[in-house]
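Chemist: Top to bottom, those sequences are chains H and G. Just so it is clear: in the first sequence, position 100 is 100 by full-length UniProt numbering, and no numbers are missing. Just so it is clear: in the second sequence, position 40 is 40 by full-length UniProt numbering, and no numbers are missing.
Hints were generated in silico from the structure; no laboratory data involved. Just so you know, these numbers come straight off a predicted model, no measurement behind them. Hints are supplied without guarantee of correctness; some may be wrong.
Short derived list, chain G residues pointing at chain H, Cβ under 7 Å [said to hold, decoys possible]:
(1) S28
(2) H92
(3) L101
Covered stretches of chain G (in silico footprint by chain H; criterion: 3 or more residues with CB under 8 Å from a CB of chain H, positions within the stretch not fixed) [what the hints assert, rightly or not]:
(4) 49-63
(5) 67-74
Using N, Cα and C, we set each Cβ at its ideal position, and we do this for glycine too.
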Amino acid sequence: MIASFQALLFSDRAADRVVPPTGHTAWLTTFTAAAMTFLAVFALALSLASGRLAARWSEALANTATIRISAPADQMQQQTDAVLAVLSGTPGIASSRALTNDEQKALLAPWFGPDLPVEALPLPRLIEVTETGEGYDSEGLRQRLLAEAPGAVLDDHTRWRRPLATAAARLNLLGGLSIVLIGATMAAMITLAANAALAANAQVIRVLRLVGAQDDYIAAAFVRRFTLRAVAGSAIGAALGLVGVFLLPPVDEAGGFLTGLGFQGTGWLLPLLLPPIAGAVALIATRAAAFRKLREVQ
Amino acid sequence: MIAFDNVAYNYGGGELLSEVSLRLAPGSFHFLTGPSGAGKSTLLKLAYAELLPTAGHVTIFDKDVRSLGRNDVALTRRRIGVVHQDVQFLDHLPLAANVSLPLTVSGKQGNPRDLTDLLQWVGLGKLADALPPSLSGGERQRAALARAIIMGPDVILADEPTGNLDWEMSLRLLTLLAELNRMGKTILVATHDLNLIRQAKAQVAARVLRIRNRRIQLAGADL
Ligand SMILES: Nc1ncnc2c1ncn2[C@@H]1O[C@H](COP(=O)(O)OP(=O)(O)OP(=O)(O)O)[C@@H](O)[C@H]1O
Ligand SMILES: [Mg+2]
Numbered sequence: 001m002i003a004s005f006q007a008l009l010f011s012d013r014a015a016d017r018v019v020p021p022t023g024h025t026a027w028l029t030t031f032t033a034a035a036m037t038f039l040a041v042f043a044l045a046l047s048l049a050s051g052r053l054a055a056r057w058s059e060a061l062a063n064t065a066t067i068r069i070s071a072p073a074d075q076m077q078q079q080t081d082a083v084l085a086v087l088s089g090t091p092g093i094a095s096s097r098a099l100t101n102d103e104q105k106a107l108l109a110p111w112f113g114p115d116l117p118v119e120a121l122p123l124p125r126l127i128e129v130t131e132t133g134e135g136y137d138s139e140g141l142r143q144r145l146l147a148e149a150p151g152a153v154l155d156d157h158t159r160w161r162r163p164l165a166t167a168a169a170r171l172n173l174l175g176g177l178s179i180v181l182i183g184a185t186m187a188a189m190i191t192l193a194a195n196a197a198l199a200a201n202a203q204v205i206r207v208l209r210l211v212g213a214q215d216d217y218i219a220a221a222f223v224r225r226f227t228l229r230a231v232a233g234s235a236i237g238a239a240l241g242l243v244g245v246f247l248l249p250p251v252d253e254a255g256g257f258l259t260g261l262g263f264q265g266t267g268w269l270l271p272l273l274l275p276p277i278a279g280a281v282a283l284i285a286t287r288a289a290a291f292r293k294l295r296e297v298q
Numbered sequence: 001m002i003a004f005d006n007v008a009y010n011y012g013g014g015e016l017l018s019e020v021s022l023r024l025a026p027g028s029f030h031f032l033t034g035p036s037g038a039g040k041s042t043l044l045k046l047a048y049a050e051l052l053p054t055a056g057h058v059t060i061f062d063k064d065v066r067s068l069g070r071n072d073v074a075l076t077r078r079r080i081g082v083v084h085q086d087v088q089f090l091d092h093l094p095l096a097a098n099v100s101l102p103l104t105v106s107g108k109q110g111n112p113r114d115l116t117d118l119l120q121w122v123g124l125g126k127l128a129d130a131l132p133p134s135l136s137g138g139e140r141q142r143a144a145l146a147r148a149i150i151m152g153p154d155v156i157l158a159d160e161p162t163g164n165l166d167w168e169m170s171l172r173l174l175t176l177l178a179e180l181n182r183m184g185k186t187i188l189v190a191t192h193d194l195n196l197i198r199q200a201k202a203q204v205a206a207r208v209l210r211i212r213n214r215r216i217q218l219a220g221a222d223l
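Given only the sequences and the hints, what does the whole structure look like? Please build it.
Modeler: Structure follows, in structure tokens:
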């Protein structure tokens, strides 16, 4: 294996010429590598984007619910205490806390400016609820709040995101699986092309063996060829794929799912790993095919 | 150099060779003769490890062929020059590149002058750039001999090397083999050309082995 990496680097023109040019199978390999890498770039973009989405949504889920208490000023503190008491006795809730006036002011500042006199306004009191991993029974909590603090409203609107976060995580996994499948398909196609080339050159292989060529030498002549073609094709495919992702129309935050489909920051460098991987796949596939064929020749 | 010890071989049908024992001593010259289909080519293939014996032992350069790995077989073949009966070349490479192929595959840099001289010597000086499919049978055989000796092998095995040559060219080739033998090379030539063998006896101390009824025997004056 190390020998064939070396052979790859220190290409020997004479050694390359002992195997006749193979015509159209050469293009087959280049084309396959280009097409597969192009697909892999999109699978990678999808996988990364859904990974980011899953992370963002589950982060939001960790801090989901808010309880809003609207009550006359004199009952406010009493209802707040009642709600906090209910929450501390509810399974599935990690912690809860009433927002301070300053915090509420900060929340409202974007709408009403920094000088809002919060104390003077009949604003609802907000309680931030942090769930545990298992989550709580929201219907049960709602019933108990109704009984203990009629002015409290449980707002867990972010809960609808839970299945979406799961879906995004699943999509991330499927994207990764697609990349593996694309790699396996490429290996299969290159194996077929290499087998065709080896079969067409059975006579050449026999003559080389008879004049004292070692297996590594014969295999390298084929391996070098297919590996270089795969790397070249893959580079073309990666370049086209990156251009394709780059040209995706920008969608702002409101665009929902499509937001951020593409690469971010150093993520743009990841597709550059695909050509070397394609080369390694071609090397391993061709080498295996060559040694299988060589075993038939004494 | 090469020794057969009670060797048997069969291709799957009946036994083709049985109880074959022979020894090619360094510097010896042997002919191998016998009717067509007797197993001359098979015996030669056993001698350069293209075939493994079904029984007995073949020893090449003091090593049992069965103990040789694939790389050892390749290295061993670099020390044995073979002229195959069905001479095969790489049809996409010119004659000169084919003749120097053993050097190429062993990573050696040949001297271009030596190659030219060698081609001249076998009478193919003008055909260095010709592609093998355009050569006549005799030209192919001479090219095969050139390829067999370019590595300066210790042993030369030739299977019907004069099969397609006219008498004059056959004698030239024989003289060449005799010369190589005088330089110390061990030589085995399979042929059914008895005239060639008689002619050779005037030039070298050649022994004649004959395959008869699957066995090998030393032919005497009854040739
Ligand atoms: N690969 C093979 N598979 C099966 N049988 C074979 C194979 N090669 C040769 N034979 C058979 O073995 C026998 C001996 O063949 P071989 O080539 O050794 O004979 P030979 O003495 O060289 O004949 P010739 O003088 O015609 O070259 C023949 O009957 C041939 O049909
Ligand atoms: Mg024969």
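Chemist: Is the interface hint for G:H92 satisfied, with its Cβ closer than 7 Å to some Cβ of chain H?
Modeler: holds, 4 Å
Chemist: Check whether three or more residues of the stretch 49-63 of chain G sit with their beta carbon closer than 8 Å to a beta carbon of chain H.
Modeler: holds (count 4)
Chemist: Any CB of chain H closer than 7 Å to the CB of G:S28?
Modeler: G:S28 check fails; min Cβ-Cβ to chain H is 23 Å, beyond 7 Å.
Chemist: Please count how many residues of the stretch 67-74 of chain G have a CB within 8 Å of a CB from chain H and say whether that reaches 3.
Modeler: holds (count 4)
Chemist: So, as I understand it, the hint says G:L101 touches chain H; can you test that by seeing if any CB pair is closer than 7 Å?
Modeler: holds, 5 Å
Checked against the numbered hints given earlier, the structure breaks only hint 1 and satisfies all the rest.
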